[in-house]
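S.K.: Residues per chain are reported as follows:
Protein chains: 2
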Amino acid sequence: MNKPGPTSHSTFMDLAVKLAARHMRAGAGGPFGAIIVHQGIVIGRGWNEVTSGNDPTAHAEISAIRDACRQRSTFSLAGSVIYTTCEPCPMCLAAIWWARIDTIYYASTRDDAARIGFDDAALYQEVSLPVHQRRLPLIQQPSDKAAQLMREWIEKEDKIPY
Amino acid sequence: MNKPGPTSHSTFMDLAVKLAARHMRAGAGGPFGAIIVHQGIVIGRGWNEVTSGNDPTAHAEISAIRDACRQRSTFSLAGSVIYTTCEPCPMCLAAIWWARIDTIYYASTRDDAARIGFDDAALYQEVSLPVHQRRLPLIQQPSDKAAQLMREWIEKEDKIPY
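The listed protein sequences correspond, in order, to chains A and B.
Going left to right, the first sequence walks through residues 40 to 201 as our numbering numbers them.
Going left to right, the second sequence walks through residues 40 to 201 as our numbering numbers them.
Simulated from the structure, these hints should not be mistaken for laboratory data.
No incorrect hints appear here.
The list makes no distinction among identical chains, and a pair is therefore deemed to hold if it is satisfied within one copy or across any two copies.
Simulated crosslink set (EDC-like; lysine to aspartate or glutamate; CA at most 16 Å straight-line):
no.: 1; residue 1: Lys184; residue 2: Asp53
no.: 2; residue 1: Lys184; residue 2: Asp151
no.: 3; residue 1: Lys57; residue 2: Asp183
no.: 4; residue 1: Lys57; residue 2: Glu191
These numbers were taken from a predicted model, which means no experiment stands behind them.
All chains, full assembly: derive it from the sequences and hints.
M.R.: See below:
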């Protein structure tokens, strides 16, 4: 199947916005939605459920990735694209990376989000800083057992790489 | 209750390593575990379930956050700390930020992880780059409806901030 053209892009984005609108109005959480598309077919849907789901990781993109992977029984979404109503935060950008999604289409920007009270800029800065310059304290508590377990992983013959 | 002293730190880290070991050996996923502690009590447990759970977001830290929030019926873990067997990847670091966790204690480093095939360094670099320099294509598909929905959020009277 061909890649979606401009019309399809706006159709898919409209779908993501509709999801965001419906669930925001129902009290699920913030005004954000996302869909995952594989070869022109919607395979995953997500919306913000942080407050209603008591889950700070339930941003629209994370929820859409989890939905698509559940639907397809896979942990790789290689060959898929994501449409999200707003530029992903660092958590979601990294999740999209781990899910092996090919391309991100987004509507509003992080500046638009900042204007309605979602300021991801500080978090982008935090993630970019060397460990010792971060605001969130990160303290090493070395463990021989943790080191040994990592060696055990190398030797594990039936492991599934990811 | 006082903050845990050095002995408690190693006891909590041992618990995280035990979780990691048990579930790695059972085939859940990679050699990673995490626990969330609030006032000396373990309130959340997580281990890597990427491959067994078909969920690329199911890193130990994310799973522990979701477990703690479910147990406590909250989307904020302010006042809690996390013990993780390895330095968090950018996805997990950002999730810990959103969960409002106070402090991260980690055992192995991202360099240790790289030596066993988990190279988060490229992802840390990706997240730190300006959008146009990234490897993962990020394309704007502007949407008036998305912009309108963000304005609706500002005016929504019964919204729950997060």
